[in-house]
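Colleague: The lines below spell out each chain.
Number of protein chains: 2
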Amino acid sequence: MESHLDPSVAGSKRLISAMRHSFFSGGKRIRPQLVFAAAETVRKAKGEDAAGATPPPETYVATAVEAIHTYSLIHDDLPAMDDDDLRRGKPTCHKAFDEATAILAGDALLNLGFQILIDGIVEFGQPMVRAAQTVGAATGIGGMVTGQMLDLLGEESEPTLEKVQLIHKNKTGALLHACVFSGGLVAEPDETQEAALSEFGHSIGLAFQIVDDLLDLEQSTEKLGKRAGKDAEQHKMTYPAVVGVEKSHEMANELTKRAEKALEAFGDSAATLHDLAKLLLRRDH
Amino acid sequence: MESHLDPSVAGSKRLISAMRHSFFSGGKRIRPQLVFAAAETVRKAKGEDAAGATPPPETYVATAVEAIHTYSLIHDDLPAMDDDDLRRGKPTCHKAFDEATAILAGDALLNLGFQILIDGIVEFGQPMVRAAQTVGAATGIGGMVTGQMLDLLGEESEPTLEKVQLIHKNKTGALLHACVFSGGLVAEPDETQEAALSEFGHSIGLAFQIVDDLLDLEQSTEKLGKRAGKDAEQHKMTYPAVVGVEKSHEMANELTKRAEKALEAFGDSAATLHDLAKLLLRRDH
Numbered sequence: 001m002e003s004h005l006d007p008s009v010a011g012s013k014r015l016i017s018a019m020r021h022s023f024f025s026g027g028k029r030i031r032p033q034l035v036f037a038a039a040e041t042v043r044k045a046k047g048e049d050a051a052g053a054t055p056p057p058e059t060y061v062a063t064a065v066e067a068i069h070t071y072s073l074i075h076d077d078l079p080a081m082d083d084d085d086l087r088r089g090k091p092t093c094h095k096a097f098d099e100a101t102a103i104l105a106g107d108a109l110l111n112l113g114f115q116i117l118i119d120g121i122v123e124f125g126q127p128m129v130r131a132a133q134t135v136g137a138a139t140g141i142g143g144m145v146t147g148q149m150l151d152l153l154g155e156e157s158e159p160t161l162e163k164v165q166l167i168h169k170n171k172t173g174a175l176l177h178a179c180v181f182s183g184g185l186v187a188e189p190d191e192t193q194e195a196a197l198s199e200f201g202h203s204i205g206l207a208f209q210i211v212d213d214l215l216d217l218e219q220s221t222e223k224l225g226k227r228a229g230k231d232a233e234q235h236k237m238t239y240p241a242v243v244g245v246e247k248s249h250e251m252a253n254e255l256t257k258r259a260e261k262a263l264e265a266f267g268d269s270a271a272t273l274h275d276l277a278k279l280l281l282r283r284d285h
Numbered sequence: 001m002e003s004h005l006d007p008s009v010a011g012s013k014r015l016i017s018a019m020r021h022s023f024f025s026g027g028k029r030i031r032p033q034l035v036f037a038a039a040e041t042v043r044k045a046k047g048e049d050a051a052g053a054t055p056p057p058e059t060y061v062a063t064a065v066e067a068i069h070t071y072s073l074i075h076d077d078l079p080a081m082d083d084d085d086l087r088r089g090k091p092t093c094h095k096a097f098d099e100a101t102a103i104l105a106g107d108a109l110l111n112l113g114f115q116i117l118i119d120g121i122v123e124f125g126q127p128m129v130r131a132a133q134t135v136g137a138a139t140g141i142g143g144m145v146t147g148q149m150l151d152l153l154g155e156e157s158e159p160t161l162e163k164v165q166l167i168h169k170n171k172t173g174a175l176l177h178a179c180v181f182s183g184g185l186v187a188e189p190d191e192t193q194e195a196a197l198s199e200f201g202h203s204i205g206l207a208f209q210i211v212d213d214l215l216d217l218e219q220s221t222e223k224l225g226k227r228a229g230k231d232a233e234q235h236k237m238t239y240p241a242v243v244g245v246e247k248s249h250e251m252a253n254e255l256t257k258r259a260e261k262a263l264e265a266f267g268d269s270a271a272t273l274h275d276l277a278k279l280l281l282r283r284d285h
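If you read the sequences in order, they're chains G and Z.
Under this note's numbering, residue 285 is the last one in the first sequence; the count climbs by one each step, no gaps.
Under this note's numbering, residue 285 is the last one in the second sequence; the count climbs by one each step, no gaps.
The reader is advised that the hints may include incorrect statements.
Since the list gives no way to pick out one identical chain from another, each pair is judged satisfied if it fits inside one copy or across any two copies.
PhoX-like, lysine-lysine: derived pairs with alpha carbons at most 25 angstroms apart [as the list claims (entries may be wrong)]:
(1) Lys13 to Lys236
(2) Lys236 to Lys261
(3) Lys13 to Lys169
(4) Lys44 to Lys163
(5) Lys90 to Lys278
(6) Lys90 to Lys169
(7) Lys163 to Lys13
(8) Lys223 to Lys13
Read the hints as simulated data drawn from the structure, not as lab findings.
Keep in mind that this is a model prediction, so the values were computed, not measured.
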């Protein structure tokens with residue numbers, strides 16, 4: 001990654017500062033953790049100790065998805081989108097710099113994410129090609145970008161369970177699923193293992209967003225590091241808004257159980273993925 | 001490309017309309033033309049009639065660069081950037097839709113460009129990997145995005161030839177060079193041919209932008225399909241502003257000659273690239 005970021009190139013300095021501001025802002029790194037845990041799980045199940053290469057292929061996937069995730073936060077926070085001033089307890093990118101710089105820093109991070117995936121293909125060939133396809137499909141028009149569009153359009157229409165599921169599946173679920181699935185792919189799983197990872201990724205992706213909706217309702221701005229209570233204010237479609245708080249907690253529990261059940265295919269090898277599933281359910285920010 | 005754009009997926013409809021609005025707006029398709037001409041040149045020089053596959057690898061590169069170019073226009077036209085209402089004689093994306101949709105349509109087109117490059121890697125392997133690396137390096141922090149940042153920062157500082165060259169090299173030159181170079185790469189040129197394409201690409205990239213600066217000064221809004229005279233209004237750093245109109249014409253001529261000279265390595269095989277070089281110099285919009 002650093003090889004693509006040379007601040008001595010005149011003019012890229014401001015842009016790199018803005019990218020770093022958002023990338024190194026104390027995020028939880030949930031997506032990279034899922035990538036690494038999925039790769040570890042497949043390797044352990046295959047009886048391999050560790051990846052043969054340093055850095056291993058999952059490092060490319062993990063860095064790329066975090067860069068792409070960071071770009072999506074920067075753009076979602078823009079005045080024309082969710083208009084947020086605070087993110088991870090710090091001023092959002094367009095507040096710390098300006099709107100044009102934030103748009104360009106987001107663009108550069110999305111571009112960088114794909115550059116890193118292509119670097120990974122150069123190093124590792126075929127398994128990385130599938131991982132890159134998986135990430136690309138999840139972040140574009142078939143996933144995250146469409147999710148954000150739906151989220152914005154949703155502010156103007158009547159909430160239903162079907163709509164809220166569609167938004168969340170695209171906006172957050174697709175990338176979380178891609179983290180698990182592509183992280184596993186680079187360790188070359190068999191078909192049963194692929195299916196198990198896919199099931200785990202879908203369930204955990206949805207559970208994650210339900211918990212996110214609940215945190216927005218139940219936690220303070222200070223704890224969250226971003227403005228709390230804004231979903232209701234902006235008439236966002238959320239699980240609590242559609243099925244109520246209690247039922248939302250139940251659904252998150254249920255999905256986490258389903259996710260953990262999918263891991264049975266890996267036996268003891270999936271310990272880290274089990275830990276992450278529990279952590280995501282019980283997090284307080 | 002179409003396989004990634006399914007408007008029946010609920011919610012992607014508006015976004016796909018916005019992407020199509022800008023992608024199919026009667027652009028000159030200069031970048032795809034350069035990609036195809038470069039691939040043709042290398043193949044003819046190697047005594048090959050045509051690519052073995054349908055579609056050939058250059059189709060992936062050409063579609064990807066046009067998608068990425070289109071995203072850059074959508075974002076550059078945004079109110080926080082150059083704030084333009086007119087592009088190719090039509091309302092800009094944020095005017096035809098809204099700002100949020102335009103930001104997301106741009107994001108989706110950038111993502112789509114890389115998805116298409118990765119699709120190309122799946123089909124054609126190694127030569128496409130280098131082409132994808134070339135495009136990624138030219139469009140990100142090492143090229144186009146930095147160029148746009150410099151262009152915006154340039155509005156506030158004293159114009160010099162050094163600064164205007166740096167802006168243009170990054171903002172427009174890097175991608176035009178990448179079109180020629182990556183288009184050639186997929187036809188697997190030898191080292192001499194690679195060097196010749198690179199020299200042609202650099203010279204033509206710079207000549208293109210000088211002509212663009214001159215057109216903004218000398219042509220009408222009607223002819224250009226975008227607001228004429230805005231460079232001076234926005235205190236943009238341009239060649240005419242720094243070296244004057246006459247000297248700018250001379251430089252564009254000189255660079256086009258240098259570009260055509262680089263093509264000597266290909267003999268008669270480079271006819272289409274010669275035609276394009278002349279066309280870019282003499283265009284009136």
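Colleague: It remains to establish, for every hint, whether it holds in the given structure.
Modeller: We went through each hint and held it up to the structure:
1. Taking the shortest Cα distances, lysine 13 and lysine 236 sit within 25 angstroms of each other only across copies (20 angstroms), while inside one copy they are farther apart (36 angstroms).
2. Taking the shortest Cα distances, lysine 236 and lysine 261 never come within 25 angstroms of each other, neither inside one copy (31 angstroms) nor across copies (60 angstroms).
3. With identical chains, the CA atoms of lysine 13 and lysine 169 are at most 25 angstroms apart between copies only, with a shortest distance of 17 angstroms across copies and 36 angstroms within one.
4. For a Cα distance limit of 25 angstroms, the shortest separation of lysine 44 from lysine 163 qualifies neither inside one copy, at 39 angstroms, nor across copies, at 54 angstroms.
5. Taking the shortest alpha-carbon separations for lysine 90 and lysine 278, neither the intra-copy value of 27 angstroms nor the inter-copy value of 52 angstroms comes in at or below 25 angstroms.
6. Taking the closest pair of Cα atoms, lysine 90 and lysine 169 never come within 25 angstroms of each other, the shortest separation being 28 angstroms inside a single copy and 35 angstroms across copies.
7. Proximity of lysine 163 to lysine 13 under the C-alpha cut-off of 25 angstroms is restricted to the inter-copy arrangement: shortest distance 15 angstroms between copies versus 42 angstroms within a copy.
8. When the C-alpha separation of lysine 223 and lysine 13 is checked against a cutoff of 25 angstroms, the pair qualifies neither within a copy, at 32 angstroms, nor between copies, at 37 angstroms.
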